[in-house]
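Colleague: Protein chains in written order, with our numbering: chain X, 53 to 595; chain L, 647 to 1001; chain U, 49 to 337.
What the hints contain is simulated information worked out from the structure, not anything from laboratory work.
One or more hints might be untrue.
Below, simulated PhoX-like cross-link-like pairs (lysine-lysine); rule was C-alpha separation at most 20 Å, straight line [as the list claims (entries may be wrong)]: (1) X/Lys335 with X/Lys100; (2) X/Lys458 with X/Lys418; (3) X/Lys419 with X/Lys555; (4) X/Lys419 with X/Lys458; (5) X/Lys198 with X/Lys232; (6) X/Lys209 with L/Lys717; (7) X/Lys202 with L/Lys726; (8) X/Lys289 with X/Lys100; (9) X/Lys555 with X/Lys544; (10) X/Lys573 with X/Lys542; (11) X/Lys479 with X/Lys458; (12) X/Lys263 with L/Lys756; (13) X/Lys202 with L/Lys756; (14) X/Lys573 with X/Lys100; (15) L/Lys756 with X/Lys198; (16) X/Lys202 with X/Lys289; (17) L/Lys906 with X/Lys202; (18) X/Lys198 with X/Lys263.
Label-pair distances were calculated between CB atoms; the ranges are [stated by the list, open to error]: (19) L/Met905 with U/Thr238: 17 to 25 Å; (20) U/Leu84 with L/Leu786: 30 to 38 Å; (21) X/Ala477 with L/Met742: 49 to 57 Å; (22) L/Leu786 with U/Leu94: 30 to 38 Å; (23) L/Thr680 with U/Gly72: 45 to 53 Å; (24) X/Glu547 with L/Ala713: 30 to 38 Å; (25) L/Met742 with X/Glu531: 36 to 44 Å; (26) L/Gly737 with U/Tyr229: 53 to 61 Å; (27) X/Thr518 with L/Leu978: 49 to 57 Å; (28) L/Leu982 with U/Tyr229: 39 to 47 Å; (29) L/Gly737 with X/Ile535: 36 to 44 Å; (30) L/Gly737 with U/Ala163: 31 to 39 Å.
Even for Gly, the Cβ is constructed at its ideal location relative to N, Cα and C.
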Amino acid sequence: MKELGNHAVSRRQMLRGASILGMGAGLTGLLAACGVAAEEKDASGGAKTGGTLTLAIDGTSAVNDPAFYTTLGDWMAVDAICRGLTFISFESNEPQADLAESWTISDDGLVYTFKLRQGVTFHDGTTFTSADVLASFNRQFNDADKTLPKGSSRPLKSVGANLAALTAPDANTVVVKLIKPDRTLLGRLSDIGARIISKAALEKYGADIGKNLIGTGPFKFSAATSGQSITLEAFDKFRLGKPPIDRLVLQQVTDPSTIVSSLLSGDISATQFTPYSALEQLKGDDAVTVYDTPKSFDAFMMMDVRRIPELEVRKAINMAIDRQALIAQAFFGAAVLPDGYTIPPNQDAHDPSLADLSATNVEEAKKLIQAAGATGRTVRLMAASDSWHPKAAQIIAQNLTDIGLKVETDSVDPAAYFNRLYDPADKFHDLMIWERNGYYPDADDMIGSLAKPSGVYGEFMSGFNTLDGSAAYADMLFEAKNIEDAAARKAKYTEIQREWAEKYMTLAMLVNGSNPVVSGKGVEGMNWRALGNHRCYMDNASV
Amino acid sequence: MTTMTITVPPRLRTPWLIVKRLLAVPLVMLALATLVFIAMRLLPGSPATSLAAGGSSGNMTAAEITANAAKINEALGLDKPLYEQYFTFLGDLLTMDLGHSFYGNNSITKLLGDSLPATIELTVASMLIAVLIGMVTGVLAALRRGTWIDTATRAIGTVSFSLPWFALGVLSIVVFGVWLRWLPVIGRLPNALDYQPFTNFVLLDAILQDRPELILPWLEHLLLPATTLALSMAGFITRIVRASVLEVLGDDFVRTARMKGLSNGTILRRHVLRNSALPIVTVLGLQFGSLLGGSVITETVFSYPGVGNMLVNGILQRDYPIVQGAALSIALLFTLVNVVVDLLYLALDPRLRKA
Amino acid sequence: MSDTTTVARSGLRSAFAGRRLGRGPLAATSWLVVALFVVIAAVGPLFVGADPARNTNDTLLGLGAAGHLLGTDDLGRDELARMVHGARPLLLVSFLSTALAALLGISVGMIAGYAGGRVEWVLMRLMDLALAFPSMLLIILIVSAWNPGVASLVVGIGIALAPGLARLARALATREAGRDYVMAAKLGGTRGPRILVQEMLPNMAGPMLAQVVMTLSVAAGFAAGLSYLGLGIQPPTPDWGYMVQAGQEFLYTAPRLVVMPAAATLLFVVACNFVGDDLRDALDPRGSR
């Protein structure tokens, strides 16, 4: 196989060239020239440079747009192509300066003034200014924006809802004025939905920006085919230096056994979508490296209080769950007990004193069920049919049978499942197995979403909003997230979590799970912690 | 799974019937389009909800998500009554407009332009492999009728077409990809290779663009999935070839030929192969459908970028235009191949030509 | 002509009396295997003590482990119990869907062949339409639009396999319809449905039956394939197709979890094929060589 290396000829140009039939020989010469040029330049690098790094992803719809979430894989490409005002490294949990060089926050917490970095170049050659920031953000805030593609989800829209004004006093300054203070703003600006796109590119491509994404990141867009792969090329002028690899390919691989096989055969360089059951075997194989990926997501079971109205029954269900069995049999060791309730161990607000909220006690559970007169009652449990979900459903169904309930389970493909979560009238809406991955490690993204009396969890799934006293949680969570001092904030979250679990128990934590990252032996310098959070920081990786 | 059809259906007798058949293609397509349209809408799960909360489900209120979903439904035309959606769909189809995917607004025509050639490459390659294996083993079994060679060939043949594709696929990945490391296990070409598709048929592009270095990696990637698909069909062809060779060997003209002193080899060449070509072609036509069905699973196992893969993705994401485009193109391919088979049939059977 | 009728009828009977069926080791073994599978599915579960759906902490025990002859699976369930119970869905779906396909296909084919004319044209174009679509896709669409499970599998596979049988039934019915005994019955005032069922069907039974048994093997293949795709029997009910899919995760560490259900499925499908062959050799004069 010939390695042609990095080159700047776009797919479009190449197609145009290729369409003139009979000039095939010339094309080869052109490609060869590009390849040679790239090799010469890389040879001076010293460290291992060049080559292609291939990541297996869940899927691609060939649209890479911060305003339009489609698949985890598509967003990993956005993560590599564009950078934001701030940056989360996953080494520390604090947002760092990125395209914003520094910032000041007003005393009332309402005005954020960002000083922008100068001399940063976009992939299209334009220079980064405040106009790019405004263009990138405003398109998500404004319903009528012409650059929004059909069907776009606009993840930044909720920031917009709290926005009083977004202005740029000069080319290197951006001012964000909020309606209510929000300490998590810096973290949310590091999220993939808040990445900065070249304004020139937005004007040029309009709603098709997702097919031609232009950012300032370490990799520039080269080609993408829906259902197949996304190809990115290293960007020479990345502000932190050209990445060692020439090419980054995100390739859709859906079959779990094919993921394992292609890791072993070397067709795939790395992935966080490794099937849990293969971990033990992969650890014993010299061809690959298995990373101790942070246990950063919440695996939980939501209980619909409209279906299971008694608190005691919900508590009994929580107590019946054999979490050790889940860790051993559904996660094959790639998970830990949820000691901090909904806040996973890699986050600052994690507090192991909450371990008792997820303690297993079968005898006590049986008693509670009997006392509530619920013995023999039928409860319905549903789960998606992918990854760990169906197995967890089988284990939990067994656990609930053991405390005297009758269980009906149903597992359906993820697209159908997602819709059923949103439908309180669904037959199986009693108990729902689900997970929450935080894109940036902050308690507000976990308990802040899960315990909110509005939204997916509190309204659609659990019906928490129908319970007395639930409305107060919106204010409590708002107060908690804005506490400046980390220790005080953590204490507040611990208090909220304990009260919420003991008074309502709408959510039974199962485990804190990880997305296990595995790579080929030759892969070095990859930020595997970030990859375990579905983030794609490959600017230092080499193959 | 291979569809076993022992009786060769009564074939078309005159070229006129082929014309009629071609004329029926649009009707068949209309019926299929309707079927796919209804089936997709019956599938639980709507694309709008999945799209609406994507990327920030935790930060939105239920009202916001519902509003967003309604907005997305409107943008995708899913808020209109079903019959209106149906007629829009048919109207677009008439003008050869297959629409755009819900996810990513990709042109379906372009997606098919990428994936159809890959699937055609895969199915043609596996047909060639299947015919080769099937002819050799079938003739061998017929000539050694009643011996252990015959029994073994029949047994292996039956086993191979009973083997589920996924089992063969997974097995061949483990053996050739992981243990022996002879062949790549996913995709169609190495990622490190620059391939700028023009026709998207790799072999053709390799010639047109003067890129001979594309051919070897392409064949390497094609070999495992194609053989996986071929094996299920080969066992079937073995049986057909064996049966028709036996039939022809028992016919009067062969007996006459033998009496005239012609050797078995000559008889085989002169009569048997020519006469058994007919049922083989028929079977290839009939089996092409199940081959396409098999490619759906094989492409998924091998992450092979064909129409089958596209169809599965579309179903999983509830991306109606993708499913409609992929299913229609699979059915069209199937129908056209059968028309070609009819033509071949005429060309191969002199008796039909006279009529 | 009436001579042929007698021959066909007695041929069926004598074939079943064992005179022509099951000759040769391959055919004999295949009949045995099919019979054995039917017996296992029917009464096997009565003889296996362990609960196939009971999770334990004895995860992934090997072959011959204490109390678990075939070991345990990833949730610590007894593999022997799962293998025995898992035969049921496959056999149930294969037999029921074949029965449905036979019912649909034979009635449509016979009505078409007997009635002729416009009725025949319409019915057979409908069948052509169904055949113009790869059967696997047809079934996937039917099953996923409905709800995965035994009922949808049976209906999906039954509908997809009916046209093939209809074609044969029509060809046979057209042949029979022109025979003297049918003419005689018509003249004698016997009504259409009666002629179809009482007069023609027995005379077509031989070749039809052989084809139906071949269809059984195809149905079994589809049932296994769909279960593998997650469109079949839903867990925790043990089912070979699902067991293959779930076991695939342990391809490298505990291959028996894939190999055993896959081999059992394969054995059943292959045996059905050979039984079909054997029946055809014995009953269908055109097929016997």
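Colleague: Would you mind marking each hint as holding or not holding in the structure?
Modeller: Evaluation of the provided hints:
no. : hint                               : in the structure
1   : X/Lys335 with X/Lys100             : violated (25 Å)
2   : X/Lys458 with X/Lys418             : holds (13 Å)
3   : X/Lys419 with X/Lys555             : holds (19 Å)
4   : X/Lys419 with X/Lys458             : holds (16 Å)
5   : X/Lys198 with X/Lys232             : violated (28 Å)
6   : X/Lys209 with L/Lys717             : holds (14 Å)
7   : X/Lys202 with L/Lys726             : holds (16 Å)
8   : X/Lys289 with X/Lys100             : holds (19 Å)
9   : X/Lys555 with X/Lys544             : holds (16 Å)
10  : X/Lys573 with X/Lys542             : violated (39 Å)
11  : X/Lys479 with X/Lys458             : holds (15 Å)
12  : X/Lys263 with L/Lys756             : holds (13 Å)
13  : X/Lys202 with L/Lys756             : holds (18 Å)
14  : X/Lys573 with X/Lys100             : holds (14 Å)
15  : L/Lys756 with X/Lys198             : violated (24 Å)
16  : X/Lys202 with X/Lys289             : violated (32 Å)
17  : L/Lys906 with X/Lys202             : violated (76 Å)
18  : X/Lys198 with X/Lys263             : holds (15 Å)
19  : L/Met905 with U/Thr238: 17 to 25 Å : violated (51 Å)
20  : U/Leu84 with L/Leu786: 30 to 38 Å  : holds (32 Å)
21  : X/Ala477 with L/Met742: 49 to 57 Å : violated (41 Å)
22  : L/Leu786 with U/Leu94: 30 to 38 Å  : violated (47 Å)
23  : L/Thr680 with U/Gly72: 45 to 53 Å  : holds (48 Å)
24  : X/Glu547 with L/Ala713: 30 to 38 Å : holds (34 Å)
25  : L/Met742 with X/Glu531: 36 to 44 Å : violated (59 Å)
26  : L/Gly737 with U/Tyr229: 53 to 61 Å : holds (54 Å)
27  : X/Thr518 with L/Leu978: 49 to 57 Å : holds (52 Å)
28  : L/Leu982 with U/Tyr229: 39 to 47 Å : holds (44 Å)
29  : L/Gly737 with X/Ile535: 36 to 44 Å : violated (59 Å)
30  : L/Gly737 with U/Ala163: 31 to 39 Å : holds (37 Å)
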